[in-house]
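Reading the sequence shown from the start, the letters are residues -16 to 96 in our numbering.
Incorrect hints may have been included.
[Claimed, not checked] The calculated lysine-lysine pairs, modelled on DSSO-like cross-linking and capped at a C-alpha distance of 27 angstroms, are:
| id | residue 1 | residue 2 |
| --- | --- | --- |
| 1 | LYS36 | LYS16 |
| 2 | LYS32 | LYS16 |
| 3 | LYS32 | LYS10 |
| 4 | LYS36 | LYS10 |
Read the hints as simulated data drawn from the structure, not as lab findings.
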Amino acid sequence: MSTVGELACSYAVMILEDEGIAITADKIATLVKAAGVEIESYWPMLFAKMADKRNVTDLIMNVGAGGGGGAPVSAAAPAAGGGAAAAAPAAEEKKKEEVAEESDGDLGFGLFD
């Protein structure tokens, strides 16, 4: 039942955010009730507190964003240097990747040996 409650409240928060309506526990509970979903009484309050502390639009837009390693550095290079200066390091990275792929291919055995 808790999974349904979380999902229903998540949808209610997204609806309220999309419509530009202030996100409160009462409004979340009203939307969930209008949808005909029965949830535990604490879910709307928890989601309202979360929405109060975090920007819901940012959460939605960054769902799949991880804290990876190389992307910010690569993005900063074109901004700091020129177009030609940024292209040279990118070409070197591609060469390094190609060499690594070739060396991994010959391990001395095959899949069906």
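Going through the hints against the structure:
no.: 1; hint: LYS36 / LYS16; in the structure: 24 angstroms, holds
no.: 2; hint: LYS32 / LYS16; in the structure: 19 angstroms, holds
no.: 3; hint: LYS32 / LYS10; in the structure: 13 angstroms, holds
no.: 4; hint: LYS36 / LYS10; in the structure: 17 angstroms, holds
Checked against the numbered hints listed earlier, the structure breaks none of them; every hint is satisfied.
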